[in-house]
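Chains A and B are the protein sequences, given in the same order. In case it helps, this note's numbering puts the first sequence at residues 1 to 296. In case it helps, this note's numbering puts the second sequence at residues 1 to 296.
Quick caveat, the hints were computed from the structure, so don't treat them as lab data. Please note that the accuracy of each hint is not assured.
Covered by chain A, according to a simulated footprint, are these stretches of chain B (three or more residues, beta-carbon under 8 Å) [what the hints assert, rightly or not]:
{"hint": "1", "segment": "165-171"}
{"hint": "2", "segment": "217-230"}
{"hint": "3", "segment": "244-251"}
Some chain B residues close to chain A (C-beta under 8 Å, calculated; not the full set) [stated by the list, open to error]:
{"hint": "4", "residue": "N53"}
{"hint": "5", "residue": "G121"}
{"hint": "6", "residue": "A123"}
{"hint": "7", "residue": "T159"}
{"hint": "8", "residue": "P236"}
{"hint": "9", "residue": "A237"}
Even glycine gets a Cβ: it sits at the ideal position worked out from N, Cα and C.
Protein chains: 2
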Amino acid sequence: MTTLGIDLGGTKIAAAIVSEGRILKQDRRPTPQTGWPDVRDAMVGMAEELLSNTDATAVGVGSPGPLDFDEGKILFAPNIPGLENVQLVHELKERLTLPVFLENDANAAGFAEHRYGAARGYASSAYVTLSTGIGGGLFIGNTIVRGAHGVAGEIGHMTLLPGGPVGGDGHDGSWEALAAGRSIARDASYVYGRSMQTAELFQLAHDGDRKAERILDNATLMSGIGLANLVKVFDPAVFVLGGGMASDEQYRAKVEAGMRRYLDGWPVPDVVPAELGSDVGVIGAASVAEVESSQA
Amino acid sequence: MTTLGIDLGGTKIAAAIVSEGRILKQDRRPTPQTGWPDVRDAMVGMAEELLSNTDATAVGVGSPGPLDFDEGKILFAPNIPGLENVQLVHELKERLTLPVFLENDANAAGFAEHRYGAARGYASSAYVTLSTGIGGGLFIGNTIVRGAHGVAGEIGHMTLLPGGPVGGDGHDGSWEALAAGRSIARDASYVYGRSMQTAELFQLAHDGDRKAERILDNATLMSGIGLANLVKVFDPAVFVLGGGMASDEQYRAKVEAGMRRYLDGWPVPDVVPAELGSDVGVIGAASVAEVESSQA
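Could you put the whole structure together from the sequences, leaning on the hints where they help?
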């Protein structure tokens, strides 16, 4: 089955014709910063060009959220100016005369890894992005676990240390506030007394700097605890680790060691790195269209 | 559809003929403490008596675990002497000549509340037992979320405070080690310098004893954090709170207040007390048989 996937990001829009997880052709444009009509027209323009001379039967869009799934709306996109309460599904369907399906970007990306990437062949998986923030998605068979309010998979907001540092949502001690890239940079800047980015801290730790190692030990142990908690709640067959930090093998090994420490005496799922790289967004959006249109 | 449910417990075996969540007739016997053949024969005897002159088409058994679902085996039942590696499904099927389905007892109980109890009408639910220990089950539609290794729903073992008190599985800072009845009794005994049970501590707190209130405040806040974490992972439409402690309305109110504190800015699911009382085990086991046999 051939579908069109659109990955709507804060800086770029990527779109591709995808068949069984393989990209047949693709396009990429900067995201207009001038409001919804321009963003919509950019998506429609790319879609019309890509769709010509294909047998694509549905369109999937991966979008930042929060979303209203019932209404097919983006309620609010923090990184894209002017995207508030927009009828994405309705307006795209009208112009493209194909079924259109909306999914949040982390769920879409994780679904791509679940079906066609690192978790293919597993009955269930949890996708965990360890990046500036921490997010993810949960998958059983062909189902994306969205939850009753679309919140399922917002795993970075689990509280792992009550009384710990306050995160972006104002709550103390979340996984993200303890272990995301932005929290590592925060701790590094505090320790070294100057603004320091995550990449420099990683480099210092690789070079054997004791304090940098300690900051990373802390963060990776907390991420290990986060994964172990997901086993006790959802028990996926495999964890797929994506996001910038997870591309570092030593970092992944430390996270996995932390998880194993907290799973001593418990079943231990496989842990694998994400496979689909920068194409994960469009493949995911196309996969959502593929599965949703066949179930509709 | 009519099925037979058997609830295999450490002190008693309950069995009932159940139709659409209603008990038509039932029986209850002490659990033989003399090994598997006697336990099996007790179950078979009760089943044969109850099944006569009914149109029951399947049997469900709720059992303590761990279980091997593929093989239909109880691997080990900590509270029943001699139950190790027993072929429960195979041996019951042979004697009763009906399809037999095995489920862990917490999942079965939660499934009863999901289908016929406090969560009926909700698309998804999480069942949380707040008792001597803390356990639960997760449900979407007609599906019990078992996980890849049967561990899903072992929510009491989530780590909520790394470095906190060590729990029964040897890990520090689990929800259960921070907030279960046994951990409240542990903290009360420490504070008052003598052996104290949970019920006495609850009474002291109701009478306004400051230290007792503080112990309960702590435990209920941790349970609130546990529920809030489940929203960020699984996002159920409703929480059903069961178990001894949850029958206390003030206790439930404190747990819910803790949850709301950690869900400020997030969607808040309904929180309701369990409804089915002591019949929950047999109704759950019967419900498992109902759903599994119609899907088989």
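Comparing the hints with the structure gives:
no.	hint	result
1	165-171	holds (count 3)
2	217-230	holds (count 6)
3	244-251	violated (count 0)
4	N53	40 Å, violated
5	G121	13 Å, violated
6	A123	7 Å, holds
7	T159	5 Å, holds
8	P236	6 Å, holds
9	A237	4 Å, holds
The structure fails to meet hints 3, 4 and 5 from the earlier list, while all remaining hints are met.
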